[in-house]
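S.K.: One-letter residues, chain by chain:
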Amino acid sequence: MPKIELINLQKSYGAVSIIDGLDLTMEDGEFTVFVGPSGCGKSTTLRMIAGLEAISGGEIRIDGRVVNRLEPKDRDLALVFQDYALYPHMNVAKNMSFALRLARYEKSKINSRVNEVAEMLGLTEYLNRKPAELSGGQRQRVAMGRALVRDASTFLFDEPLSNLDAKLRAQMRAELALMSRRIQKNMIYVTHDQVEAMTLGDRIVVMKSGKIMQVGSPEELYRSPANLFVAGFIGSPTMNFLKAELSEEGGQIFVTGRGFSLPLPAKCKPRLSSHNGRTVMIGLRPSSFSVGEGEGSIELPIILSEYIGAQSVLLSEMGGQKITIEVSSEAPIPSGAPMNFVVESEGIHVFDSDTEKAL
Amino acid sequence: MPQLNPRQNNIAIYPLMFILVIMSAGPIVLMLMTSLRLNVDITSPTASFFFTPTIRNYETTLCGVLWYKPEHVDYCNPMFGRALVNSLIVAITSTVLTLVIGCMAAYSLVRFKFFGRDVVSMTTLMMRMVPPAVLLVPVFGIWTFQFGISGTTGGIILIYTAMNLPFVIWILQSFIVQVPIQLEEAARMDGAGPFRVFFLVVLPLIKPGLAAAAIFTFRIAWNEFLLANALSDRNSRTVPVTIVNSLSDLGIDWGVLMATGMLLAIPPILFTFFAARQIITGMTAGAVKG
Chain A
1 MPKIELINLQ KSYGAVSIID GLDLTMEDGE FTVFVGPSGC GKSTTLRMIA GLEAISGGEI
61 RIDGRVVNRL EPKDRDLALV FQDYALYPHM NVAKNMSFAL RLARYEKSKI NSRVNEVAEM
121 LGLTEYLNRK PAELSGGQRQ RVAMGRALVR DASTFLFDEP LSNLDAKLRA QMRAELALMS
181 RRIQKNMIYV THDQVEAMTL GDRIVVMKSG KIMQVGSPEE LYRSPANLFV AGFIGSPTMN
241 FLKAELSEEG GQIFVTGRGF SLPLPAKCKP RLSSHNGRTV MIGLRPSSFS VGEGEGSIEL
301 PIILSEYIGA QSVLLSEMGG QKITIEVSSE APIPSGAPMN FVVESEGIHV FDSDTEKAL
Chain B
1 MPQLNPRQNN IAIYPLMFIL VIMSAGPIVL MLMTSLRLNV DITSPTASFF FTPTIRNYET
61 TLCGVLWYKP EHVDYCNPMF GRALVNSLIV AITSTVLTLV IGCMAAYSLV RFKFFGRDVV
121 SMTTLMMRMV PPAVLLVPVF GIWTFQFGIS GTTGGIILIY TAMNLPFVIW ILQSFIVQVP
181 IQLEEAARMD GAGPFRVFFL VVLPLIKPGL AAAAIFTFRI AWNEFLLANA LSDRNSRTVP
241 VTIVNSLSDL GIDWGVLMAT GMLLAIPPIL FTFFAARQII TGMTAGAVKG
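So the protein sequences, as listed, match chains A and B. If you use the working numbering, the first sequence corresponds to residues 1 to 359, in order. If you use the working numbering, the second sequence corresponds to residues 1 to 290, in order.
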């Protein structure tokens, strides 16, 4: 299994630069997820790795070998397309065996390989059907099967689940996670869905406008986002951002805004004491709030309460801004009356309001 | 207003349909009946609608290619048999050539980006607007004096291919555009080179287009008279030319002429029948999320 390196990778269409100097190394056996909003260049990056898109500058290396000008077929990669791209004139078995037939494998070997993968994906009874006779989920499986049959060194996925309905997507996501653990290959996965990114990836690459915002494990991205964009992109419901001022009182650092003053944990002090007095952005995860009274608790109005079972998502106001709060609830929480909340100080993220970087 | 049952509404349609059927099928029926009569029957003033059918005229026409010598034929004129063979060779070869060249040209016009692509695409179609009569003299001159291929079936095949290519390219372009580019990318990922992508993925999906183009090309090549008349000699004449040439001052053999006409009609009918089966819609259904 190869190591894939992107070195100062660039892509531009005429004068418009899409990818602007990307550097990234994907280690052997790693599940890397590219995530970002539409148009951030994640799919383009994947297509450049696949060889379907010419690169405008930089290098792509697979196991140290520069593959910039190599045809897709010579890169030993398999790609699962967003909209399946099944050959409509071939049945499922033929679709899956296409690559093997091109490579002139023995018939018996092709059959056993196709049957093995079909069994793994639950496609055995559909092998003789044409793509038009399959449901969306089944087609998606065939598309994956076509990649799996090949036994390529690296699997690329271009938003493979985005065309499925929510339930099927969750199911396929779980199957994909199991599959990746079973086959232990390099996987590069592109998605705009942060839930997919968080659940599947060993390592997540968050992109915006052709630039990498942060690379890290799901936990790193969630616990210590490097900038406002990552903080806002990762996590659901999204993080609340408030303007506040840093101040030091009695050896402890506080963030103070309109109508609130929250203490920061002591470990932040060495990093933040030099910024004393500055206006910053603070980020609060909706889940950092918990219902309760006690030291430092704040009273917040409940504007709207959405009960979704074990949790309730509350819309409230803090520092003159609408915020979202997520709390566990056994019964629906009534809206209208204010409630007291304790904010977990570990969950407060501080960002420079100019550079948008984490402090 | 009560909805009229469409079935109650169309009594007037039957006479109309009857007239249309008479108009379209009448000449063919007449031709068929004449071809099955002896000349005596055809020209005699007492000829009736009822007669004893005979295949003599067909035997006369095909005597050159039959395995036996028909009794009534004193001198076997090989012209008609030869013309049928010539027509088949010309029509089939030019159709195959047109399709092979046409689908590749159409593919490159659709998929490859190059300078002047749209201009090429448009002028291709405009070439088709030139009437064959305009081409007649220059083509005859070039074929005879420059290429030296007038009077050969090759010469006729060449001009038919050139004549039909623009339309075939144009019609196939619209089919190739509909093949999702992802399929080609998928094939490239699966290890197919450009030719395999084209032959294994694109070509099967534009089969309906190929069939439509084939019917069109075959029909034109089979029926064309003007250019074939100018470019053929007695050995390379096609059937339409032969039929016209057999109308002479020395008397017209109507029976044989009609039999030739009937034989002339069979290959395009068979060809269209088989090719039309390939024209089915929804070839790319299920390929990509649509």
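Some hints here could point you the wrong way.
[Said to hold, decoys possible] Derived coverage of chain B by chain A (criterion: at least 3 residues anywhere in the stretch with Cβ under 8 Å from a Cβ of chain A; other residues may be distant): (1) 57 to 67; (2) 189 to 198.
[Claimed, not checked] Below are the SDA-like pairs computed for lysine to any residue, each with C-alpha atoms no more than 25 Å apart in a straight line: (3) B/113 x A/68; (4) A/107 x B/116; (5) A/73 x B/195; (6) A/73 x B/245; (7) B/207 x A/129; (8) B/113 x A/15; (9) A/211 x A/107; (10) B/113 x A/13; (11) A/94 x B/196; (12) A/130 x B/81.
[To be verified] Some chain A residues near chain B, calculated using beta-carbon distances under 10 Å: (13) 71; (14) 74; (15) 86; (16) 88.
No lab work stands behind these hints, which were simulated from the structure alone. All values reported here derive from a predicted model rather than from experimental measurement. Beta carbons are placed, not taken as given, at the ideal position from N, Cα and C, and that holds for glycine.
S.K.: Please flag the earlier hints that this structure goes against, numbers listed from lowest up.
M.R.: Failing hints, ascending: 1, 4, 6, 9 and 12.
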